[in-house]
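Engineer: So the chains spell out like this:
Number of protein chains: 4
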Amino acid sequence: MSTVERLRTRSFSWQDPAATAAAAMELPGLQCMQAIVDGTLPPPPIARLLDFELVEVQDGRALFAMQPAEWMYNPIGSVHGGIAATILDSCMGCAVHTTLEAGVGYTTADLQVRYLRAMSDTTGRVLAEGRVIHRGRRTATAEGRLFVESDERLLAHGSTGCVILR
Amino acid sequence: MSTVERLRTRSFSWQDPAATAAAAMELPGLQCMQAIVDGTLPPPPIARLLDFELVEVQDGRALFAMQPAEWMYNPIGSVHGGIAATILDSCMGCAVHTTLEAGVGYTTADLQVRYLRAMSDTTGRVLAEGRVIHRGRRTATAEGRLFVESDERLLAHGSTGCVILR
Amino acid sequence: MSTVERLRTRSFSWQDPAATAAAAMELPGLQCMQAIVDGTLPPPPIARLLDFELVEVQDGRALFAMQPAEWMYNPIGSVHGGIAATILDSCMGCAVHTTLEAGVGYTTADLQVRYLRAMSDTTGRVLAEGRVIHRGRRTATAEGRLFVESDERLLAHGSTGCVILR
Amino acid sequence: MSTVERLRTRSFSWQDPAATAAAAMELPGLQCMQAIVDGTLPPPPIARLLDFELVEVQDGRALFAMQPAEWMYNPIGSVHGGIAATILDSCMGCAVHTTLEAGVGYTTADLQVRYLRAMSDTTGRVLAEGRVIHRGRRTATAEGRLFVESDERLLAHGSTGCVILR
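Residue numbers (this note's numbering), protein chains in the order written: chain Z, 1 to 166; chain L, 1 to 166; chain C, 1 to 166; chain B, 1 to 166.
Everything labelled a hint here was simulated from the structure, so no lab data went into it.
Each residue gets a CB set at the ideal place from its N, CA and C atoms; glycine is no exception.
Hints are all accurate, no fakes.
Some chain B residues flagged as far from chain L (calculated, every beta-carbon gap over 10 Å):
#1 ARG8
#2 PRO28
#3 VAL37
#4 PRO43
One-sided and incomplete, this derived list gives chain L residues near chain B with beta-carbon spacing under 10 Å:
#5 GLN112
#6 ARG114
#7 LEU116
#8 ARG117
#9 ILE133
#10 HIS134
#11 GLY136
#12 THR139
#13 THR141
#14 GLU143
#15 ARG145
#16 LEU154
#17 HIS157
#18 GLY158
#19 SER159
#20 GLY161
Let the hints inform the model, and build the full structure from the sequences given.
Structural biologist: This is how it looks when you write it as structure tokens:
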């Protein structure tokens, strides 16, 4: 089999992220995140790059869904750990974002992920749920879980510390 | 301006990751990583997905390069933190991998990233350097730095704990 | 007021830790931890040093209690962060320990603590609860919460990764 | 041998921590830390509790020394991991403190420690060195190493994120 035969290709499209970023500062956080769930605001490029979607938000909570795939693989034959880190960072950051008033921003100060089981293209759809643990004036913390949708097997868990920008 | 006008598209291609994964178990780690640098083994899909490349390896050290781009953006107007996490995970994991004999594997137990400055599509090329701190029989740890190539401004730093699989 | 007048002194006593350490390898983990709760095995020196006690254990869970005091202070006028780290490490490590069969040991690979509110000598009694999140063959993870007993205000939370030693 | 025979006792004394805490806010950080090294300000209670000492400070760096002892032991026969966490937290926090102007405070947002080798009462004197990695307006990060003084064997390493309080 030639190298050429083994080549696989994927394309993805995204919209100018400036519109969503502007809305993220003008709207209360929960309303902004809900607009992405509803499709009235475009998802950010990262969601198109990794083909994940924000499926549910509430005050202090966000749920994402993703399909692990071969194009996410590392050199050792499984989905790269950065993919789990990215979706966990997303669900925890969005959970914090839902607690912010309009005009207040945040930035992630640190991210920590613990890997329990590798993902592969046969894992099936996975869910990442982020929940705020602490929301202070200057800082916030959140925890996240990544698990298989069908049987709730836990794949990874983590936490984050955010700085609130006023 | 219509939504259609704002759509941007990117395509990427990758090769069956099984060949590299098989080599990763058969070759000594440093030789396997060097083969990816040299192009005699195909880069893993994740490197094509994020368009990063392994530019240099030595015993206990790995250096990656990447160009931050709009298609990596989060909903708040900068490169998603998961991208820094992914390239830091890569450079630290590869640094650990370079220390493994043939037939010995590893898995990342945890990843921690501290974010100092956001990346954007005007940041310019960035480098991620991973270095092994401890290499024991059962476990290994490594540290990583992500910085701007042109002026060495530090963007993020982190560490990882790996389990050696014999 | 002279320096001499401001001197305060505390004494504590402990027993040879070898007995408890030997029991820790011979008994199933839960039984060993329960013997410390019951007082049939002496508490380890660290518990006398910091005057904390193991008040409750179950499979995968451990609860400690402690009284924050002036002799735990840092140079900036509150209880040193290492105290919270120590009791969180204890409750999470003991939670993992409760899941081990006789003859199986463990070691803490890493500890992470997020500080939400400082403790002082007016905080009142605090509780630290550790719970196992994942218990695999080679590794385990646990989470912990430190909170005020009277009103359940959260003071700190954290997580740990352990390596199982067979 | 009776239980009574196995009882060991240690006493320690400390001074009212209010004086050092007040100086910590009035002096530039480096000057305050140097006053503790010189003995013109009393060490904080935690340093007497664990019998460690601040031996050297510079701008962005702090070095502590400690003698591992039996009274620091955990239930599994070695020095409790919280001791390493405490001295690492100290050296990293003090390193950050040396960078602060008079009147500016800080608080530790999170602490992370990776354990490489256990300490025991035969380890001999250990040193903990903290170095600032990033010092921004709102936040700072630092790294720390704990090693045996005689042969520089690395025992643990870690990092911290701090919030600057203006």
